[in-house]
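As given, the protein sequences belong to chains G and F, one line each in that order.
The numbers in full-length UniProt numbering rise by one with no breaks, and the one at position 254 of the first sequence is 254.
The numbers in full-length UniProt numbering rise by one with no breaks, and the one at position 389 of the second sequence is 389.
If you are wondering where the hints come from, they were derived from the structure by calculation, not from laboratory data.
If you're wondering where the values come from, they're calculated on a predicted model, not measured in any experiment.
Errors might be hidden in some of the hints.
[What the hints assert, rightly or not] No farther apart than 35 Å at their CA atoms in a straight line, the calculated lysine-lysine pairs in the DSBU-like style are these:
(1) G:K181 <-> F:K40
(2) G:K330 <-> F:K38
(3) G:K40 <-> F:K181
(4) F:K405 <-> G:K181
(5) F:K181 <-> G:K292
(6) G:K181 <-> F:K181
[As the list claims (entries may be wrong)] Partial list, derived from the structure: chain F residues whose beta carbon lies under 8 Å from chain G:
(7) L49
(8) N53
(9) K84
(10) L85
(11) K86
(12) C172
(13) L174
(14) D175
(15) T182
(16) S183
(17) L297
(18) R348
(19) G392
(20) E393
(21) P397
Beta carbons: idealized from backbone N, C-alpha and C, even for Gly.
Number of protein chains: 2
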Amino acid sequence: MARPSPSQGTLLYAQSGGVTAVINTTAAGVISEARSRKVKVLAAHNGILGALNDDLFDTSALTPTQLRMLAHTPGGAFGSCRVKLKSLEEDRARYEQLLETFRRHDVRWFLYNGGNDSADTALKVSQLAQEFDYPLTCIGVPKTVDNDLAVTDCCPGFGSAAKYTAVSVRECALDVAAMAKTSTKVFVYEAMGRHAGWLAAAAGLAGRTEDEAPHIILFPERAYDEAAFLARVQAVVDRVGWCVVVASEGIRDAESRFVADAGASKDAFGHTQLGGVAAYLAGRVQQQLGMKVHWTLPDYLQRSARHIASQTDFEQARAVGRKAVQYALKGLNATMPVIRRLSDSPYRWKIVPAPLSEIANAEKKMPADFIRDDGYGITAEARRYLQPLIRGEAYPPYARDGMPKYLDLHI
Amino acid sequence: MARPSPSQGTLLYAQSGGVTAVINTTAAGVISEARSRKVKVLAAHNGILGALNDDLFDTSALTPTQLRMLAHTPGGAFGSCRVKLKSLEEDRARYEQLLETFRRHDVRWFLYNGGNDSADTALKVSQLAQEFDYPLTCIGVPKTVDNDLAVTDCCPGFGSAAKYTAVSVRECALDVAAMAKTSTKVFVYEAMGRHAGWLAAAAGLAGRTEDEAPHIILFPERAYDEAAFLARVQAVVDRVGWCVVVASEGIRDAESRFVADAGASKDAFGHTQLGGVAAYLAGRVQQQLGMKVHWTLPDYLQRSARHIASQTDFEQARAVGRKAVQYALKGLNATMPVIRRLSDSPYRWKIVPAPLSEIANAEKKMPADFIRDDGYGITAEARRYLQPLIRGEAYPPYARDGMPKYLDLHI
């Protein structure tokens, strides 16, 4: 395959899957780096759909001011999607449709910004291009608040959601502590995390000791035992006066049934749409222990909270965007720029390329030694890993009206 | 009644009712002002309970650093309570118990920091003191995220919750906009507000036009009509592609029944404990319109979110604390320092004294002209009122570990 010259051809960038507080930071990194190398960047509207339907946004329309705003804007500015292409054999027509769009716009570099499924799509597109002898370099760009991508030390988007989680849990804990004497004694916080308890674990950074909130964390990695849970809530309230519980949305009982399966529809990937664990647990505490309970389901707020983004996360999100362009122009086909941790303290990291084949469809579990032996909290190992990821406050600029200056392209 | 000299006697401060992101800012204002006048401040542990049970914290133990931290800490550092004393006749023994504590500690000034109920308690205490010829000056200090206190232009605590609400709604709207093509089309945000839609109205600051989120606000001031609501959601999705709904927890149907009465216990004031409006509405949209829906219940997060506190709110919270001490030392018995708005643009305000009798047990409704004629949004009048209250970012200081430096007295 001929290596394309940086001075010709187009780079196509697309966002995929659940968006984050900093996926647009990555987009801004991609566009800035490409501009500095005089490479044209088209952004697909709504992820792979825009590439399939030739619905593309020419990012040269973005002014320097808009580009700076983009880096500080949550959500997915170009639109994301939950569409999973099937295997090359099953979905061949659509993969060829993609190549058609690429040919039409002289796309030589395809950057797909998403999670495991997106890495798989990028890998398949690269395979098809080789088969058709179309000169294309495909790069997966990491993103997910779930922190479950293989190979990379952490995922852009996770650090900010983790910071939101730890800060919010500490704040509501101070609230409950003040109310507990005569009112709310138990507070339940529901964290995202379908299969792995990364965000629930991040809540653990809100406290240092077993008597500091969160007093109980429920991980999807451990079977939920109602009797043991209720006994522990009672014990914490007896000892501390109040109790903050953080529950991962994906907790299951001993028979592997989701504790609060919403019984709702499944998404395009066949994942069950969850929700309601906190409401369920709050109800159990109220009914069984007779305590006043409040609960929260932050839902999208936790992954879009750009106003409390982590500086580490912001820098890493920008870096993977820039490196993705560099790898693309170097022809490092079917790779992903991943974060490698060099040291914990001082926290140092660098970006290195990793093969998409090692990342596609894989899922990184939380290490077993991150969960305390009793199953209700995090270990020193977990703190060592998590703490640098929430460090620093990457505040967005605010307008005089008190609202953050976010970019809305209205495309 | 002899006016006590500022150089003798003790000032007793207590926090009451639901806490806020800035009630401790008021506490810090009280303590700083009193220190500068060499007046000793005791803080009651858990509001009026501490005063009843002689459970008091001597704030002279706070270092200057702790006092600065206090001003930046959410929750109620000395503990709050939900205890409503009855009338002087019905609860005479407890009121006399209060006077006993006052006598024991030479309390000459009593500052009660709370909402309508607390203003009523402070007023009754002042009446009893007069009856017993005990030299006491009682001051109510305003606080409530509900913004429903009479006389004052706004309530410390509300502006920060309003800013959290507007910022969060804009952030999750950007998220939904990115996902809507293939996934979530409707997002429902549940705002606090049992009887008045102040916080739901504040969400309106997230957008400017009917096509910007929030597209639909449901106020407790307007009867909830399900058919009309669902038709509007469908119309917004057809026009915009997605829809963000903000619902006040206290919305009622045409028969004045709470749309989502949790059917749970009533609190000490006889208020029904609500919750679940967003879950209910999300279910209706999913079932009736067949759209994928996400929803959030921020609950305590919205009132404890010190990390996104409004600078206006912070300054007003501190000012009412300082003025409360000044009014107390001047002997302005049975008054409250309230906020008077001098102009909208530029926004100017000052603190003036108002009689507790005009505030106790009263409830300020939202002006009718704050709600748009169609009932689903806010007017220019509402924006004019609300906008200055969310202005400025009063960030707390952060430690190197990425967490805010909040004070936890562990009392």
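Hinted pair, alpha-carbon criterion (35 Å max): K181 (chain F), K292 (chain G). Please report holds or violated. violated, 40 Å
Using the nearest Cβ pair, does L49 (chain F) come within less than 8 Å of chain G? holds, 6 Å
Interface hint for L85 (chain F), Cβ within 8 Å of any Cβ on chain G: Not OK, violated: L85 (chain F) not within 8 Å of chain G, min 13 Å.
Quick check on G392 (chain F) please, does its C-beta sit within 8 Å of some C-beta on chain G? Holds, because the Cβ-Cβ distance from G392 (chain F) to chain G comes to roughly 6 Å (cut-off 8 Å).
Restraint status (C-alpha distance of K330 (chain G) to K38 (chain F) at most 35 Å): Violated - the C-alpha atoms of K38 (chain F) and K330 (chain G) are around 71 Å apart, more than 35 Å.
So, as I understand it, the hint says L297 (chain F) touches chain G; can you test that by seeing if any CB pair is closer than 8 Å? Hint on L297 (chain F): holds, closest Cβ of chain G at ~5 Å, below 8 Å.
K40 (chain G) and K181 (chain F): Cα distance at most 35 Å? Distance ~26 Å between K40 (chain G) and K181 (chain F) Cα, so the pair holds.
How about D175 (chain F): closest beta carbon in chain G under 8 Å, or not? holds, 4 Å
Would the hint on C172 (chain F) be counted as holding, given a Cβ-Cβ threshold of 8 Å to chain G? C172 (chain F) check passes; min Cβ-Cβ to chain G is 4 Å, inside 8 Å.
Per the CB criterion, is P397 (chain F) less than 8 Å away from chain G? violated, 10 Å
Distance restraint between K181 (chain G) and K181 (chain F), which requires alpha-carbon spacing of 35 Å or less: violated, 47 Å
Given T182 (chain F) was flagged as interface, is its beta-carbon under 8 Å from a beta-carbon of chain G? Since the shortest Cβ distance to chain G is 4 Å, the answer is holds.
Consistency note: the structure conflicts with the earlier hints numbered 2, 5, 6, 8, 9, 10, 11, 18 and 21.
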